[in-house]
Amino acid sequence: MPTLNDLATGCSPTWCPGCGDLAIWGAFKNAAVSQGWDNTNTCLVAGIGCHGHLLNFTKITSFESLHGRAIPVATGIKLANHKLNVFVFTGDGDCLAEGGNHFIHACRRNHNLTVVIHDNAIYGLTTGQTSPRSPRGYKSKSTPQGNPDYPLNPLTLAIASGATFIARGYAGDIAGTAKLIIQANAHQGLAVLDILQPCVTFNKEYSHTFYQQNVYPLSTDHDPRNKELAFKKALEWGEKQIPLGVFYQVDEPSYESEVPQIKDQTLIDIPVDRKNLSNLFRRYI
Amino acid sequence: MSDESLFSITIGGQAGQGIKSSGLTLAKVASRSGYRVHTYTEFPSLIRGGHNVIQILVSPKEVSAPVKHIHLLIALNQDTINRHRAELSSGGGVIYDSDKKIDTSFFDPGLINLFPVPLSKFANTAGSSELLVNTVSIAAAVALLGGDAKILETLIREEFADKGEAVINSNLTAIQSGFEYAKANFNDKIKSVLAPVSNPSPHMIVNGAEAIALGAIAGGLQFSAIYPMSPASNILSTLALYQEQYGYIYKQPEDEISAVGMCIGAGFAGARALTATSGGGFSLMVESLGLAAMTETPLVIVEGMRPGPATGLPTWNAQGDLQFVLHAHQGDFPRIVLAAGCAQEAFDLTIQALNLADKYQTPVILLVDKNILDDDWSVSPFDVSGYLIDRGKLTADFNPEFTRYAPEADGVSYRSIPGTGNFFIANSDEHNASGFSSEDVTDIVSQQTKRMTKLKTCADTEMPPPQIFGPENADVTLVSWGSNKGSILSALESFPQANYLHLTWMNPFPAEAVKTILNSAKRVISIEANYSGQLAKLIAEKTGFLIQDQLLKFDGRPIYPEEIITKLNSILSAKT
Numbered sequence: 001m002p003t004l005n006d007l008a009t010g011c012s013p014t015w016c017p018g019c020g021d022l023a024i025w026g027a028f029k030n031a032a033v034s035q036g037w038d039n040t041n042t043c044l045v046a047g048i049g050c051h052g053h054l055l056n057f058t059k060i061t062s063f064e065s066l067h068g069r070a071i072p073v074a075t076g077i078k079l080a081n082h083k084l085n086v087f088v089f090t091g092d093g094d095c096l097a098e099g100g101n102h103f104i105h106a107c108r109r110n111h112n113l114t115v116v117i118h119d120n121a122i123y124g125l126t127t128g129q130t131s132p133r134s135p136r137g138y139k140s141k142s143t144p145q146g147n148p149d150y151p152l153n154p155l156t157l158a159i160a161s162g163a164t165f166i167a168r169g170y171a172g173d174i175a176g177t178a179k180l181i182i183q184a185n186a187h188q189g190l191a192v193l194d195i196l197q198p199c200v201t202f203n204k205e206y207s208h209t210f211y212q213q214n215v216y217p218l219s220t221d222h223d224p225r226n227k228e229l230a231f232k233k234a235l236e237w238g239e240k241q242i243p244l245g246v247f248y249q250v251d252e253p254s255y256e257s258e259v260p261q262i263k264d265q266t267l268i269d270i271p272v273d274r275k276n277l278s279n280l281f282r283r284y285i
Numbered sequence: 286m287s288d289e290s291l292f293s294i295t296i297g298g299q300a301g302q303g304i305k306s307s308g309l310t311l312a313k314v315a316s317r318s319g320y321r322v323h324t325y326t327e328f329p330s331l332i333r334g335g336h337n338v339i340q341i342l343v344s345p346k347e348v349s350a351p352v353k354h355i356h357l358l359i360a361l362n363q364d365t366i367n368r369h370r371a372e373l374s375s376g377g378g379v380i381y382d383s384d385k386k387i388d389t390s391f392f393d394p395g396l397i398n399l400f401p402v403p404l405s406k407f408a409n410t411a412g413s414s415e416l417l418v419n420t421v422s423i424a425a426a427v428a429l430l431g432g433d434a435k436i437l438e439t440l441i442r443e444e445f446a447d448k449g450e451a452v453i454n455s456n457l458t459a460i461q462s463g464f465e466y467a468k469a470n471f472n473d474k475i476k477s478v479l480a481p482v483s484n485p486s487p488h489m490i491v492n493g494a495e496a497i498a499l500g501a502i503a504g505g506l507q508f509s510a511i512y513p514m515s516p517a518s519n520i521l522s523t524l525a526l527y528q529e530q531y532g533y534i535y536k537q538p539e540d541e542i543s544a545v546g547m548c549i550g551a552g553f554a555g556a557r558a559l560t561a562t563s564g565g566g567f568s569l570m571v572e573s574l575g576l577a578a579m580t581e582t583p584l585v586i587v588e589g590m591r592p593g594p595a596t597g598l599p600t601w602n603a604q605g606d607l608q609f610v611l612h613a614h615q616g617d618f619p620r621i622v623l624a625a626g627c628a629q630e631a632f633d634l635t636i637q638a639l640n641l642a643d644k645y646q647t648p649v650i651l652l653v654d655k656n657i658l659d660d661d662w663s664v665s666p667f668d669v670s671g672y673l674i675d676r677g678k679l680t681a682d683f684n685p686e687f688t689r690y691a692p693e694a695d696g697v698s699y700r701s702i703p704g705t706g707n708f709f710i711a712n713s714d715e716h717n718a719s720g721f722s723s724e725d726v727t728d729i730v731s732q733q734t735k736r737m738t739k740l741k742t743c744a745d746t747e748m749p750p751p752q753i754f755g756p757e758n759a760d761v762t763l764v765s766w767g768s769n770k771g772s773i774l775s776a777l778e779s780f781p782q783a784n785y786l787h788l789t790w791m792n793p794f795p796a797e798a799v800k801t802i803l804n805s806a807k808r809v810i811s812i813e814a815n816y817s818g819q820l821a822k823l824i825a826e827k828t829g830f831l832i833q834d835q836l837l838k839f840d841g842r843p844i845y846p847e848e849i850i851t852k853l854n855s856i857l858s859a860k861t
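Residue numbers (our numbering), protein chains in the order written: chain A, 1 to 285; chain B, 286 to 861.
Here chain B stands alone, though its shape is the one from the complex (with noise of 0.2 angstroms):
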């Protein structure tokens, strides 16, 4: 990595140890002190006992990707230093607990700085929870990159405010005992990592799955049922954190047929829904998918990929599930597919789909991949002051010659819902445009052909030009989507020769702008988690455009900017 001010700090456990709180908290010290981060976990499908780890990252710019190497390793057990002491760069270092029997002995010290901090005695004595033994280890590291412990305090005492004074108190004490030690003890060896800058500018620390049920509330959420399943449970434990402050329903279902069925219920008396699920979860939604799109009621799925088939790999990342999203369910019907490639993302397209559902009256799939739900990010405090919300065309009037389902031109009709005096039915056969079950001819085709029509007009009014970061006139050209946009964008700071198109709208697709691009770039890599390329797929069935070079990876990890740069470096040194 070309990056020399990006520094990064793993911190590596027992599931059940609070790793990935831990992570959180000095992923905040860093934020609050006037830097960006990123996390990144990985975590087995285990309550207690497993392998946790999480990666903060922290560089006065902008970050979004993890990384391979590892300056600072906080090591809870032996397993951690086992499993990791490959990873850490030449000058890195290791904090591990001196009052335990850690075998460190393998290590070069001319090569690795050994950081032993008696953390158990210091979190007994601070009291009587293990878990302090993180606080002490946080507060250590805090003192080694040269931050300040009073944002720690600060933090811990938020935190842990509904806990009660004795709770605060033991975890002051074990910051203050671990930060001074390792002041005391290896003062030689502090950097400036987490050096606080002065007038930092605000920033948020979100999961994905935090700015989707963030921006669901922004975007006027009115009801919500999602049925838990990795990785996308985040979203129903942030929604259902705050409904009654903001008056909106979040109900947990008996299982995701019923969590999509509630919701175009909930869709088609008026309110605002959205559902979220997995690749498995999804799998059950399909037969309720076409039932919006025949009654053209609006709604929102989130679709938080994992790797697949079956059970798969409940807590790892894949993009495995475009193809499936984009064709599921028997029949033609407008269905809206958007691809988040970032927190950011997330929450400004959750907003959108919460706008286009209601606006084209039809399903909208907002795809997410694990390591953007899990991940934490750094964010400029969401402003929502620009967004509006669009209902499309719904009327409460009463009319007593109300057709639900008129044609128009742009296919989409006026809306109303029950209650209002406006007779309709919303018909699962196909109808009239009364709602009337039908099997004439004209009302077949011309409903069918309305409903299609709506895709077109999306299509038309809505559909933004894709991204492309880098130079318009570029050597070699990436084509991706989802969360490996971050790592993308870390690998092109070492490549200013090379772009990357990013692509957001999967259905409907810009065909002809990616045409375009494609057409036009001198060479062309799809880079994708998943084992048949399935956007390189979509990509070949929208422009004709075949992509040749594809880097797939489908193991579960994330797609590191170190391997990008690796495919890069050997396509354009095979290129001269």
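The shape of chain A in the complex, shown without the other chains (with noise of 0.2 angstroms):
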């Protein structure tokens, strides 16, 4: 099992003091020394923006791909090596805006990876230009004179194109957040778990004082496998109406488990010196 000490890189953290990344890092090291991933059993797949930073204070082997391009590298990873555990770390940006398209049919796929949304609602690498997550009104540099769309809400888009595990964290909550993505990650199919953070230099409105104010945890009787309900609930936005918690969860099989060929062994452990083809070949004479 990995300590804290064997995760550290070297690299200092370059986060902004307070940036709720430094609190998604760190409830994932947690979650990682609790549960034993480390480089024999993990691979992490980040995009661009200030969350795709924690590669390099992550001692754990990872890809750090393009902007908006996470999802598609780590379905690769994951379908020829399906024993891995991957994780996926993206921004609102990164998912939403220029990944919109692979997030949406990694859902309905149903993937067996773990998708952490870093939520800031802000693009704060570019600092600090509106979001998909932004609200409407919003001023950035961007949209000085407000913000003229309506955001996207990551919960009610993973419910509906078919995401199996659902959830929604507050990064100041690090055991809270950390729990969660030890749920998520163990949940066989695609997780998606949006964690609401704060970026403190460039999104004044959504600052920890808010989130603290206005998020409480889903009730202990709601149904996670009430589709409806799980609808219901995503949709609440306001004051003292976030709630956090296990939105949705259903049993269905993970995409990588109805896939005959790696049914016995990953993609990558099956031989590939295939001499004897006079079979297919003769198909075409």
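Not one of these hints is a red herring.
Here are the in silico distance ranges between beta carbons for each label pair: (1) D221/A <-> G677/B: 53 to 59 angstroms; (2) L235/A <-> L673/B: 56 to 62 angstroms; (3) N454/B <-> S257/A: 42 to 48 angstroms; (4) N454/B <-> V259/A: 37 to 43 angstroms; (5) R282/A <-> V730/B: 52 to 58 angstroms; (6) A691/B <-> N41/A: 23 to 29 angstroms; (7) Y216/A <-> D540/B: 34 to 40 angstroms; (8) E693/B <-> R282/A: 39 to 45 angstroms; (9) R282/A <-> G301/B: 27 to 33 angstroms; (10) D682/B <-> D273/A: 17 to 23 angstroms; (11) N41/A <-> G334/B: 52 to 58 angstroms; (12) V730/B <-> N226/A: 54 to 60 angstroms; (13) Q537/B <-> Q129/A: 31 to 37 angstroms.
Treat the hints as calculated values from the structure; they're not laboratory data.
Predicted model only: the values in this text are computed from it and were never measured.
All C-beta atoms, glycine included, are put in the ideal place defined by N, C-alpha and C.
Hints given; two lone chains; assemble the complex.
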């Protein structure tokens, strides 16, 4: 089992003090230590945005993809070696703007991936432009007159697209976030974990204080198998109206569990020295 | 054309009438009778209603290009006759449906043989499918060309094996009626084009797309994600068929961006991966081309060219993407670009591309044009006994000090995969030797230099000299690439004093060898299916040699041997 020390790379985090990414990183490392995720069983994939720096600070083999393109790369990794525990770290701009198409299709295919959305409702790395999660009317460098667009809701989008595990956390609650990361990863199928996080530098609206005052846990009798209820709860947003927890979870076969070629072994373990192809070639005579 | 032994059959009708599969059946009858064949198809980007035509060329010798003239036209409608009557050579014939109102009054009976056959009546008697008209017409053609009906019957039994006895029997009835009718009514016109040769050596009939898919399977492909796009889609449909049997995965992605991303992910995780597309899809993949190069992940992309820009001409031929694939993406990085000239080369280069991608840990692009992908080619059964799968510097051994991007003299570092315990980051940001993001000057320079060194290593160790067909000292040297090869070799049969420089390596480029050949050539003509002479530009860039005579065609149609002959005649007569 790895210790926290084993996960250190020697690179110090470059996030702003108070950034939600620090808390998500901490929650992930705690989860990794408790679950034994390391270089022998786990692979991390990130897109581009402040979230992506996490790879530099976490000593687990990883792939830093292009902006918006973490999910296709992660899908290829999972299909090639489905025994690997594959995490996708992505931002709201990365996942819902540039990578929106990949997100909805990954959901509908139910790949066994854990998608963690660092949701700060802003483009932080490019120094503060409106994101698909920014509220309507929001003023930023790209919308100085106020955002004319309505925000996207990653939870309802994921439910509608067919993801089989959908949860929301708040970065300020490190223990709660770690628990959700573990639950999402234990789920067999596409798990979406939207983590609300402040951007302390560029998003003054969604601050730690805002979230602390307005989030609440889903009630213990919330039935995550009820899709309509999940959708209804996911639509809630506002003063004292931001639920956290597992909105939706159903057991459906993951994509990888239904590919006959990899039923007994991973794709990369199947021998490829295909010398006897005369039966194949004969079909074309 | 000087080749009297080459016989050309054209089948025409509406899209949806099964023209392509009829042509393939006839081609297989010819092949199994001991002849070499080639097919060329023209079809609009429609599923029903437009004009479809397939040309089947039959010869005792190798044949690898379409021709302009027609010896036997099988016309399933009036439109086919109207469009192709001028292409019929003297002494040629037309099979058509005598049950339909078909106007043939304009044909001179002294020059063109008319073969009216009651296609519809025989088809209706044989069964309920309208496609039986094709079977009747092919059977009549086999009879007229002196072929053996049994070979056709065997083929039909194999083709419809999973459709049940009723379908097979109605087709056999259709064969018998068409074959017997032609024998009984046109006995004095029967030729011996398809007369079975004793003990023929077996040949495969594959289109280039199938050759690439089969090459990928033979080359140890483990993962492929391909988004459908003409003319590359037959690669995915072939790969999709055999995935369970041979233990690889074909996945249909949501777009070409995802196709290439999935392949990069699979490649990073240790699977041999290949994607395929046309120019438009490649445009979407360009973003990830540099990702594969930056993370040093093996990747093969097959780019099947069609005329552009934009949607262009989806079902026609072009070679207009050479400069695009050579330059696409920001910054400098090593890319290997190969170009196949026929189905056999496509098969061989696909296997080689998979090896090169692994050995040099960088993207390899295989360029093919629509004619290579869609034409059917006659090839000896592929022999894979000599092929080796070379994974390059790939290690699964655990090493706590593993350094993924360690500097190496040849530019190629040891690669490992996730799950081995070896830690590294495959990073799209510039990085240090372990993969950590770095803006340090030493890291930037050493990593960029290391990556670019791979191209030189590849050129020094892998690149063969270019192929020359014909005499060393020729009066005229033709330079070309892609499917033009077939037409050029066909044209050169009439010009023993001309030779052909065929290029398959575009990057790295055999600059010194090409320079030597061109500098010593008496006269050089380049031949390309694009507007701007993209290969000639590449040659100028790499060698300084400017080609003055260019035969360029950009109308989507093949460069026919006849056109090359005309060009050579005009140049040689101007010279003397």
